[in-house]
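Q: Each chain, written out:
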Amino acid sequence: MAGPTQVVLEGVGRSYGRRLVLRGITLTIPDRSSFLAWGPNGSGKTTLLAAICGLVACTQGRVILCVDGHVLDAGGRRRQLGLVSPILGLYPQLTAEEHLELALKARGLGADRAAVRTVLGKVGLDRRRRDPVAEYSTGMAQRLKYALAIAHQPRILVLDEPFSNLDPEGAGMARAIMDDQVRRGIVVAAACDRGEWTDAHTVLSLAPA
Amino acid sequence: MRIPSCRSRPLEAAGALFVKDLRVELRSRMGWGLLAASAAGITIAASFAFGGILPDPLTAAALLWIIVLLVAMAGLPQTFVREQEQGTAWTVRLWADPAPVLAAKLCLNFLLLLGLAALIVPLYGLLFNLPLAAPAALAASVLGGCAALAASGTLLAAIAAGTGARGLLLPLLAIPLQLPPLAAAVQSTATAMTGGGGATLLPALVLLAAQTAVSGLISFMLFRYIWDEG
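Going down the list, the protein sequences come from chains A and B. The first sequence begins at 3 in the working numbering and counts up one residue at a time. The second sequence begins at 3 in the working numbering and counts up one residue at a time.
Only chain A is shown next, with the shape it has when bound in the complex:
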């Protein structure tokens, strides 16, 4: 049986040179809950999410991710985190299927063809799975990012602007994925508009530094 999942931020701060983007953020996101950071452009939302994912180092404080009572190291973070974000690029030369297989194998996980098709079906890309990403619309690329974020069944799902570029059906798919994730772990999201996602259990307002 899986143990609890937790995201703990202890005085998290990040500066780029003299410019302080985040300062002293302290909070705990408990298991089976959701968190939304919202604020205008330049308020540090993407930096906060990147710090949670370990992609950006904190210049103050620290981020602790716990799964099953264990603090995750870098390798554990790669296997237990899924991220949808504009900062994540896709390979225009590769197909959706190749992306999924790569994402699983690079994490040291098995890539089962049937499982890959199931995930792509879930985001509505099964019929276009063998097309190169160069031929995708921005909405389809966003759907592929969702597939890549959930394929390894992470306990923590991090979403930066979760509904951007998605049509109403795509937004519904994203909401279903978020609801499903809250039932088995944690959702951390960031958006410009507070009203974009009203279901979050905890909300943090960020202002530009």
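It is worth saying that the hints were derived from the structure and are not from the lab. All C-beta atoms, glycine included, are put in the ideal place defined by N, C-alpha and C. Be careful, since some hints might not be right.
Stated by the list, open to error - Only some residues are given here: those of chain B computed to face chain A with a beta carbon under 10 angstroms:
{"no.": "1", "residue": "E14"}
{"no.": "2", "residue": "A15"}
{"no.": "3", "residue": "A18"}
{"no.": "4", "residue": "V26"}
{"no.": "5", "residue": "R29"}
{"no.": "6", "residue": "P57"}
{"no.": "7", "residue": "P59"}
{"no.": "8", "residue": "W97"}
On the provided structure of chain A, position chain B as indicated by the hints.
A: Just chain B now, with coordinates in the frame of chain A:
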């Protein structure tokens, strides 16, 4: 849906990343084809400049490796630069441990250098009318030289792409890092061109292998810091 197993498989990860890098290179319009054209162009230009005649095997070997190095310096950084420019460096950082990423890039750059050498060496031999006294020894020298240049060149490319100062930093770092393997490759190739084998070639090949091993080891030790901070 089957739950993926959570065993760490670094070799499988490196293999998947290598296949990805190879697919991206082969499916890109601007890539290895352009490098191959540059390699052929520089080799032909060199033969015109020297009138198809070289004074001795050492000069012949030196010119050969200068051509390989020139083309390699344009090609080796591409694998990291492309990741930075496409925004996929973040994606790979999120998915993979640094060691498999480096292993994949090393293999790709070795393959690129071998491909370039496979084009340059026969063309060079043909244009300069070089006698093929010891083909196996020449092949061993080229193989060793490519491995040594790939090992040091991949680390250089990672540093340059990671710091975002590739324009100036790469040439500055390249001189001290690429010169020892280049000198050893020239020495072993010159020996192979004169028909020397076995006993005369072995010390040069051992030196190349040692330089490859040292560069590779340093690369794996440093890459985590370069990649994560990049």
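Q: Could you run down the list of hints and mark each one as holding or not?
A: Here's how the hints hold up against the structure:
1. E14: holds (6 angstroms)
2. A15: holds (5 angstroms)
3. A18: Result: holds, 3 angstroms to nearest chain A Cβ.
4. V26: Status holds, d = 5 angstroms.
5. R29: It holds, given that the least Cβ distance between B:R29 and chain A is near 4 angstroms, below 10 angstroms.
6. P57: It is violated, given that the least Cβ distance between B:P57 and chain A is near 46 angstroms, above 10 angstroms.
7. P59: For B:P59, the interface hint is violated, since the closest Cβ of chain A sits about 42 angstroms away, which is over 10 angstroms.
8. W97: Holds, because the Cβ-Cβ distance from B:W97 to chain A comes to roughly 4 angstroms (cut-off 10 angstroms).
Against the hints set out earlier in the document, violations occur for numbers 6 and 7.
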